[in-house]
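There are 2 protein chains.
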Amino acid sequence: MNASLPAIAIRDVPSAFTDALVTRFGTQFSQAMAVREQHGRDESAFTHVPPPCGVVFALSTADVSDAVALAAHYRVPVIPFGVGSSLEGHLLAVQGGISVDVSRMNQVLRIDAEDLTVTVQPGVTRNAVNAAVKDQGLFFPIDPGADASIGGMSATRASGTNAVRYGTMRENVLALEVVTASGEIIRTGTRAKKSSAGYDLTRLMVGSEGTLGVMTEITLKLYPLPEAVSAAVCSFPSIEAAVRATIHIIQMGVPIARCEFLDAQTVGMVNKHAKLNLREEAMLLMEFHGSPAGVKEQAEIVQDIATDLGGQAFEWATTPEERTKLWAARHNAYFAAIQSRPGCRAISTDTCVPISRLADCLLDSVEEANATGLPYFLLGHVGDGNFHFGYLIDPDSESERSTAEALNHKLVNRALALGGTCTGEHGIGLHKMDFLRTEAGEGAVAMMRAIKTALDPHNIMNPGKIFS
Amino acid sequence: MNASLPAIAIRDVPSAFTDALVTRFGTQFSQAMAVREQHGRDESAFTHVPPPCGVVFALSTADVSDAVALAAHYRVPVIPFGVGSSLEGHLLAVQGGISVDVSRMNQVLRIDAEDLTVTVQPGVTRNAVNAAVKDQGLFFPIDPGADASIGGMSATRASGTNAVRYGTMRENVLALEVVTASGEIIRTGTRAKKSSAGYDLTRLMVGSEGTLGVMTEITLKLYPLPEAVSAAVCSFPSIEAAVRATIHIIQMGVPIARCEFLDAQTVGMVNKHAKLNLREEAMLLMEFHGSPAGVKEQAEIVQDIATDLGGQAFEWATTPEERTKLWAARHNAYFAAIQSRPGCRAISTDTCVPISRLADCLLDSVEEANATGLPYFLLGHVGDGNFHFGYLIDPDSESERSTAEALNHKLVNRALALGGTCTGEHGIGLHKMDFLRTEAGEGAVAMMRAIKTALDPHNIMNPGKIFS
Numbered sequence: 007m008n009a010s011l012p013a014i015a016i017r018d019v020p021s022a023f024t025d026a027l028v029t030r031f032g033t034q035f036s037q038a039m040a041v042r043e044q045h046g047r048d049e050s051a052f053t054h055v056p057p058p059c060g061v062v063f064a065l066s067t068a069d070v071s072d073a074v075a076l077a078a079h080y081r082v083p084v085i086p087f088g089v090g091s092s093l094e095g096h097l098l099a100v101q102g103g104i105s106v107d108v109s110r111m112n113q114v115l116r117i118d119a120e121d122l123t124v125t126v127q128p129g130v131t132r133n134a135v136n137a138a139v140k141d142q143g144l145f146f147p148i149d150p151g152a153d154a155s156i157g158g159m160s161a162t163r164a165s166g167t168n169a170v171r172y173g174t175m176r177e178n179v180l181a182l183e184v185v186t187a188s189g190e191i192i193r194t195g196t197r198a199k200k201s202s203a204g205y206d207l208t209r210l211m212v213g214s215e216g217t218l219g220v221m222t223e224i225t226l227k228l229y230p231l232p233e234a235v236s237a238a239v240c241s242f243p244s245i246e247a248a249v250r251a252t253i254h255i256i257q258m259g260v261p262i263a264r265c266e267f268l269d270a271q272t273v274g275m276v277n278k279h280a281k282l283n284l285r286e287e288a289m290l291l292m293e294f295h296g297s298p299a300g301v302k303e304q305a306e307i308v309q310d311i312a313t314d315l316g317g318q319a320f321e322w323a324t325t326p327e328e329r330t331k332l333w334a335a336r337h338n339a340y341f342a343a344i345q346s347r348p349g350c351r352a353i354s355t356d357t358c359v360p361i362s363r364l365a366d367c368l369l370d371s372v373e374e375a376n377a378t379g380l381p382y383f384l385l386g387h388v389g390d391g392n393f394h395f396g397y398l399i400d401p402d403s404e405s406e407r408s409t410a411e412a413l414n415h416k417l418v419n420r421a422l423a424l425g426g427t428c429t430g431e432h433g434i435g436l437h438k439m440d441f442l443r444t445e446a447g448e449g450a451v452a453m454m455r456a457i458k459t460a461l462d463p464h465n466i467m468n469p470g471k472i473f474s
Numbered sequence: 007m008n009a010s011l012p013a014i015a016i017r018d019v020p021s022a023f024t025d026a027l028v029t030r031f032g033t034q035f036s037q038a039m040a041v042r043e044q045h046g047r048d049e050s051a052f053t054h055v056p057p058p059c060g061v062v063f064a065l066s067t068a069d070v071s072d073a074v075a076l077a078a079h080y081r082v083p084v085i086p087f088g089v090g091s092s093l094e095g096h097l098l099a100v101q102g103g104i105s106v107d108v109s110r111m112n113q114v115l116r117i118d119a120e121d122l123t124v125t126v127q128p129g130v131t132r133n134a135v136n137a138a139v140k141d142q143g144l145f146f147p148i149d150p151g152a153d154a155s156i157g158g159m160s161a162t163r164a165s166g167t168n169a170v171r172y173g174t175m176r177e178n179v180l181a182l183e184v185v186t187a188s189g190e191i192i193r194t195g196t197r198a199k200k201s202s203a204g205y206d207l208t209r210l211m212v213g214s215e216g217t218l219g220v221m222t223e224i225t226l227k228l229y230p231l232p233e234a235v236s237a238a239v240c241s242f243p244s245i246e247a248a249v250r251a252t253i254h255i256i257q258m259g260v261p262i263a264r265c266e267f268l269d270a271q272t273v274g275m276v277n278k279h280a281k282l283n284l285r286e287e288a289m290l291l292m293e294f295h296g297s298p299a300g301v302k303e304q305a306e307i308v309q310d311i312a313t314d315l316g317g318q319a320f321e322w323a324t325t326p327e328e329r330t331k332l333w334a335a336r337h338n339a340y341f342a343a344i345q346s347r348p349g350c351r352a353i354s355t356d357t358c359v360p361i362s363r364l365a366d367c368l369l370d371s372v373e374e375a376n377a378t379g380l381p382y383f384l385l386g387h388v389g390d391g392n393f394h395f396g397y398l399i400d401p402d403s404e405s406e407r408s409t410a411e412a413l414n415h416k417l418v419n420r421a422l423a424l425g426g427t428c429t430g431e432h433g434i435g436l437h438k439m440d441f442l443r444t445e446a447g448e449g450a451v452a453m454m455r456a457i458k459t460a461l462d463p464h465n466i467m468n469p470g471k472i473f474s
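Residue numbers (the working numbering), protein chains in the order written: chain P, 7 to 474; chain A, 7 to 474.
Hints are computed from structural coordinates only; laboratory data are not their basis.
Just so you know, these numbers come straight off a predicted model, no measurement behind them.
It cannot be assumed that every hint is accurate.
If several chains are the same, the list does not tell them apart, and a pair holds so long as it fits within one copy or across any two.
With a straight-line cut-off of 30 Å between C-alpha atoms, the simulated DSSO-like cross-links for lysine-lysine are [as the list claims (entries may be wrong)]:
1. Lys227 to Lys416
2. Lys416 to Lys331
3. Lys331 to Lys278
4. Lys140 to Lys302
5. Lys140 to Lys331
Using the sequences and the accompanying hints, generate a full structural model.
Have a look at this one:
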């Protein structure tokens, strides 16, 4: 068993509850082991947790509401499930209960092109949103590596490569429909761009990791597709040079749309996986959005900054095909890394620091990681001060796992000391509960717990996550 | 007594409590009637509420903590007070208790220019923030009309003229120190640009109107002063033309920094008050930020849109002096309007709708207001879909008050039907509690109440606001 997992205390599930689910949901409720197992894991390095006792495939808000109301009645845990791409163990049934799979709630409900908003069901993925709104000349910028569900992205306050310009799910979810822990259906927010109407329940739900309710409709901000887009790749003589270039770009106020870092060995993994020939040096992968003149202007400023820091091979990808290939390679970096060591699992770090402290945080952590000899990938949304080491461990090796955990521990403590956070975009889940206490302090965690208890008195919504 | 105010139920204040405040705070605690009266009113049209029983002038977080801890012990209401510029009755002691005045907590604690952040005490005003960071080439964009305190602006989720580009307090508060309802001191958020670490307590506190705690330190985002700025004034043949121009500008994705509307009679009030000669027609007052080329490009697009809609007299104010004069006039429009009818009070509306519905919402409401003959001003942050009627009532005339309330009622119902909110930036306070129930629904308000009860079990933090 994973040493860093909290004790697992599976709760009893009365047969009256599963009988009631069978009656209400028929074939939409599955207790088949293969289905349960598929819903009892995610992309995290956690294993060896028994799967949920069954899976409800919800097709509507009413389905979710009825499933949660039954679970509330019988005091059974409910774990919302989108596409299963969590990196932090959010989907593991550490206290048993059922999974409520919303992946079939995949309708785009309304596109308000003139208002730059779209309302979707939670099982719609980010790529599906973009496919639906592209014809209207619009796009949705938030892009975690996986083609995650909008429900899951909202629940973890996800971001990705465009956040440096367009913000995260925090800034881009306008309104929600939520099934609360009692099965009640409420709405938060409106389609208006701003509001001062009472407590910000939308922002409270975004990032609550399924512990306060299940989101059943999500209204997102959209953006006009930029008139001009160009992407650039620039290699640097050192990690430090690449990071310092990033810091200058941000401090100059350049409205760069993407500013991604990969270290030399991660570029190598990407080259191999995507059959590319990128220079295997520390690299910034950048994108500029705006008018043709604006894009040119931004790129010139950035090129000057990069050149001053020894950046070389400033290469352009201006055709959509070239850009798509480049960004697909970037988005697949995680999978490229996993494939570089067959059978491995990645323990992914997610610290985010104020931009001026990025070099301090990153360079010391690279040195520590190198000293252990553990293979890793390293990339980051460095424009936001956010980066990820992925320590590629043999999941059966306790020693590798504890080496990785120790590296992460040092990294997080460093980031917190520099005024940062233990998680920029992945969430707390099972992995970072101790870090949350250190970061937020006992008082703030007690406040979170008080909210949780007030809104979910029987602790049925994804219990055992965020707080032990 | 004001018909629309909820019943006032002043709670008993034990003399042991005021004795304890005298002992702890000495001359920092005042029970003088003039001081109490000054803290028992704001810029709202509410009057005739007895003032708080005393005022603590806090100089430090420890002062706030001790005052709240004493109030918690004796179950006495606490009303946080900044500069008193609320428009919604937030500062009125409808259940008695004490005012905790944080205006002397006016230190800029740290400027992290490289990270584009500043940390201030809550009594620092928005102009004081800007004065402190200007030398570093930075600015803080959020600008409600008044030179409000950052504490008050955070508590009401304020915005202003720059929100169309830079967002509101929701997007621009990164981290907080908060004294909770028990007097405990906690921290929320970090200086990192983004985080997925647990519930978003920062966003929960922002907009909570003093009902969940007192903010004692606030970390804000800053922005590099734009390389180039230009302002433009454009007159339109009708309100509709001005609004349609706005809608086009936003839908085109022009990154306009300010897009303010004034109707013809409000321009007249501003002319008189600020000794200007603006054309007394429906007007857009705009500002563009960017590189010199970028600003020019934005202005050209906007000029084309305006011209298509009959916009005339597209005039430029490119020197800082001209711009300052223009924006000062805009910021003083509220006071200009008040002075246009000596002795009046303004009942200010604050609806915000999705941009495509702006014309529908505005034009019908203008017609209704004109039909009553009540004087009013009309202006708005139309780039956000947010506008304000200010009905200028004789505070002693119940009939004028009820006419104004009826107009507001119709306007809010219209905005809600169009997918909008009853308040874009002023907050709920005393005035909009019924509207909040209609807008959010009983379920969402019950959730807000559950949070309030969990975090403030004795209901001492600014009781009687947001919820009746």
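Against the structure shown, which of the earlier numbered hints fail to hold, in ascending order? 2
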